[in-house]
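Take the sequences, apply the hints, and build the full model.
Each chain, letter by letter, is given below.
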Amino acid sequence: MTEPLPSNPEPLLVMHGVRKRFGGVQALRGVSLEVSPGEVHALVGENGAGKSTLMKVLSGVERPDAGEMSLGGRPWRPSGPVDARRGGIAMIHQELALAPHLSVAENIALGVEPSRLPWLGRISPSDRRGMLATARRVMGRLGHGDLDPARRTGDLPAAVRQLVEIGRALATDASVVVMDEPTSSLGRRDADLLLDIVGRLRDEGIAIVYISHFLEEIRRVADRFTVIRDGSTVTSGRMADERDETLVEHMIGRPLDAVFPPGGREAGEIRLEARSIAGHRLPVEASLDVRSGEILGIAGLVGAGRTELLRCLAGLDATVRGDVSIHGRKIHRSTSIRKRMRAGVGFVSEDRKGEGLALPMSVGENLLLPRLGPVTSGGVLSSRRMDATAGRWLSRLSVRGGGSGIPVETLSGGNQQKIAIARLLHQDADVLLLDEPTRGIDIGSKVQVYALLDELARAGRAIVMTSGHLPELLGVCDRIAVMHRGVLGPARPVEACTESSLMSEAVLGPDGSGEGEAA
Amino acid sequence: MNIEATPDVTPAETGWIGRVGRLAAPFIGLFLVIAIFTSIEPQAFASVRNAQTIAVQTVVVGIGAIGMCFVIVSGGIDLSIGSVIALASVTGALTLDAGHPPTAALAVSAGTGMACGLLNGGLVTALRIPPFIVTLGMLGIARGLAKLLAGNQRIAPPPESVGWLEGFVDKTPEPTWLLMAPAAWCLLAIAIIAGLVLRRTPFGIHVVAIGSSEQTARLCGVAVRRTKIVVYVLCGLGAGLAGAVTLGRLGVGDPTTAVGLELQIIAAVVIGGASLSGGEGGILGTMIGAFMLSALSAGCTLAGIDNSVQEIIIGGIIVAAVTIDGIRHRRNRS
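Protein chains in written order, with the working numbering: chain A, 1 to 519; chain B, 1001 to 1334.
Think of the hints as simulated: they come from the structure by calculation, not from any bench. Careful, some of the hints might be misleading.
To be verified - Pairs of lysine to aspartate or glutamate residues, derived as EDC-like cross-links and limited to a Cα-Cα distance of at most 20 Å, are as follows:
id, chain 1, residue 1, chain 2, residue 2
1, A, K56, A, E181
2, A, K353, B, E1311
3, A, K330, A, E285
4, A, K339, B, E1311
Okay, here's the thing in structure tokens:
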């Protein structure tokens, strides 16, 4: 994208030997990171490797136990997040950190309002004009000069809100911008735009630390990378010199022989069939069938209606048209989730923290909730039976790190996802509807989830899964159908699909006619 | 390499140790209240008679708080409970006045409470109005209805018609080996049953799950609406029984009784370790909270501290309890 950079021109930010311990956990055991101005530096590693902690240390949220940091040649010891922001470090968070009720300009100025007196001083009309002008200026740098800075932030689409956050960073003249999974809440087109903007900021000489799980994205935007694992820096180098496979091997710390399970499953009878179903808004029209022993993948852009389709099938959202049969028996489209569950349908939500799991409740309660009958005696729950039953599932899915009594929120994302899947097994579901089952979990856990899905399919369960990550669908599924603007295309055998064929169908629709741009 | 090498777990705050830790605060509060008043009024406070008074005073707040505990754990709130107690005491008194036996009055009071609870629960689930608003409305409706039914005065049934209901709440019971009022024993029994229901039945787990994450509960096939309605009906039942007990103690149905009692009842539940955002709380803690509040009010009366000061103290305790809860949560999250 740009001229090759000199190997290490005067690093702007240097972190060396940073250590941080939380209670009994050594989160960082000597991490080093060097970032130069005008460079996009990818920080990669599994969940829990220490990326977020390192960035918290950098941005003054946490103080390091040991190690040296310097910024622009001077020692860097921020006393807190505000101090760090003033010093030129800006964080763009994964979850949007904006006040939805405030205007764009107010959000951009938040915490650095131009008032004469601190805090209680009146923001005069001229100050207000200044705020609006600043907002217009920074949004202009981000290619959104036409955005009205007086608009309520909550009314803007997610992609623009993300830009407002970046605008906030620019407004304080940040020299280092840290982006933590900035595209995770964006659709593909918006993500592309964002990546262009990252490139533009780099060209303006800003140093960017870019955290992402998506290798393609890093490949596209980053100049150099640092891999951290278990709280230590494993390696660092130029993106151009490293292949994806070796990067992943550095991240997981072992050879990457088989990420995806071998294919060759045998499909049996039809377990779930939907004919021309439609929801309130989405899906517009979808027909599918899935057989025992097979995994059906649903691809599509964000907003195409993948999640809505699965929610309709699960009975969580209303189906307004069409027919559904489970095990060959037609059910009424208004059949509740409870009746569908009894018929053998199970659902894993893409929103693990908000919907999928009751985070403060115990692992055992989360796992057993849909079917408490077997762990009661005489109507009273038996903790012995609960522990035993939950324990069996935990060891079956090799969930380590605590028994059934601990709150599920203390588990890692990967283990939480296993609990959500184990719940379906306890519920005895044989039609599994999995919405983005590997979202937000590290690559090691992903490999385990893939193997689990393969095992479940081989044991005769019918699985429907969505994913925004095409290589994953190609690697795991037997058939793939693409959703385009609420309409589900025909399912094709995975051998007949390629990443580009799926992508063009997702963007243009099944016949390639492309009635306009996708949402 | 073991991918799960980093320990996921903080061993504290789990299992029964965590639960006992959560109860430490209300126990310490109760201990402080008793210690303070025993030192101020050693003779009067630490007496059998005073203990009997406290026991009987705990009954009204305690029964109400058991129902309230279910509501709060499910993530809701019932502000109407004080008014419903007054309404139930009026309907019970009217039943006695009409010449029916005390048992019938008890049933009518209980039914009144459950009907109010059903309406609360129905509106919360069917119209999806926040429970705060629905029960705030019910607070006015039930109070107004009580005054309307009673013609803006106390309903005083003939003293002999109150019958066993009076002895039921007598703080010096017959026979004396009972030690405290039969109503207090009943409260204890109800509390034990309610505690089992909340912790040890699928219904109880469903209540906790709804309070913890309603979406998750729905996704797991929990009958969210039905469970919520039952929870409000239970709270109404508690209010109805508390109304009958009030009737027994006062001998009259008073439409202006129990004003602001919802504050004490909610305080008892929160002091007992419940979180107002749902998913947490228990009957044992609630009972300690209720007991602490009645000990406080009995102590204040003995020490000659004014009612208004009592209200200030209770308000302060609620804020302190919620603050402690908040601090604990923050520590857990980090």
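Distance restraint between A/K56 and A/E181, which requires alpha-carbon spacing of 20 Å or less: holds (15 Å)
A/K353 paired with B/E1311 [C-alpha distance capped at 20 Å]: The hint is violated at about 40 Å.
20 Å Cα cutoff - pair A/K330, A/E285: Given pair A/K330, A/E285 holds - Cα atoms ~18 Å apart, limit 20 Å.
Pair hint A/K339 and B/E1311, alpha-carbon separation not exceeding 20 Å: Judged against 20 Å, a Cα distance of about 50 Å means the pair is violated.
Figure legend: structure checked against the earlier numbered hints; hints not met, in rising order: 2, 4.
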